[in-house]
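J.: Residue numbers (the working numbering), protein chains in the order written: chain A, 1 to 112; chain B, 1001 to 1116.
None of these hints come from the bench; they were simulated from the model.
Some hints here could point you the wrong way.
[Stated by the list, open to error] From chain A, some residues computed to sit far from chain B (all C-beta separations above 10 Å):
id, residue
1, Glu5
2, Val13
3, Ala17
4, Ser20
5, Thr24
6, Arg28
7, Tyr39
8, Lys56
9, Gly59
10, Gln98
11, Lys99
[Said to hold, decoys possible] Think about it this way: if two alpha-carbon atoms lie no more than 27 Å apart in a straight line, the pair counts; the simulated DSSO-like pairs of lysine-lysine are:
id, chain 1, residue 1, chain 2, residue 2
12, A, Lys2, A, Lys67
13, A, Lys42, B, Lys1068
14, B, Lys1024, A, Lys42
15, A, Lys2, A, Lys42
16, B, Lys1078, A, Lys42
17, A, Lys42, A, Lys56
18, B, Lys1078, B, Lys1068
[What the hints assert, rightly or not] If you want the ones that stay clear, here's a sample from chain A, every Cβ over 12 Å from chain B, calculated:
id, residue
19, Glu15
20, Asn22
21, Ser26
22, Asn53
23, Glu57
24, Ser69
25, Gln70
26, Arg77
27, Phe102
28, Asn111
We put the CB at the ideal spot given by N, CA and C, even for glycine.
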Amino acid sequence: QKEVEQNSGPLSVPEGAIASLNCTYSDRGSQSFFWYRQYSGKSPELIMSIYSNGDKEDGRFTAQLNKASQYVSLLIRDSQPSDSATYLCAVNQVQGAQKLVFGQGTRLTINP
Amino acid sequence: DAGVIQSPRHEVTEMGQEVTLRCKPISGHNSLFWYRQTMMRGLELLIYFNNNVPIDDSGMPEDRFSAKMPNASFSTLKIQPSEPRDSAVYFCASSFRASGIWYEQFFGPGTRLTVL
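Pulled out of the complex, with its shape left as it was, chain A reads as follows (with noise of 0.2 Å):
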């Protein structure tokens, strides 16, 4: 099993819409979560962190985490052709060498 486990897509969302990305991990005590938006020759930009269960909201975007499940979501509400992009999903691991771990990445089409 991949540490951090996205699924990569395309995943494409009529403008408007609510698009919902998810991402599972496997070392449970993992305690800090990020979620980056990555545009094509760009690098990886923060938009969201969360470390505690539940939900967390910032302008259009949300964040869930469930840790005892092991995963966590992005949604964004009223997607824009702007938010076109691969979104990383990164989670610290504790066993082992503690590292922040990053999925694959799930590429989000807005369309028009």
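Fit chain B to the known structure of chain A by using the hints.
T.: Just chain B now, kept in the frame of chain A:
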């Protein structure tokens, strides 16, 4: 804050040459990371430092790669000799870690390396 600074932004070199990539982390951050990204392999962690000390270099491909962090505000990643398969985008990132908690990690703009 200027964010994470990397130089050069682009590097084109010939096989066998030495390449040095540079990074200045965000002031106050105590952890620094070097990543490599390719289409085939995605984002790979090469090495990371905590308080200037290398903690995990298991991602360094081979002895041709080396990294140093002589002080809290500067790090280098060196490839000697370079090979065409080293062509990739190399990112530096920095973060703050305390009491076992990793806080937000911020990426630099990256160095696009092409080895001919």
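J.: Can you name, in rising order, the numbers of the hints this structure does not satisfy?
T.: 10, 11 and 27
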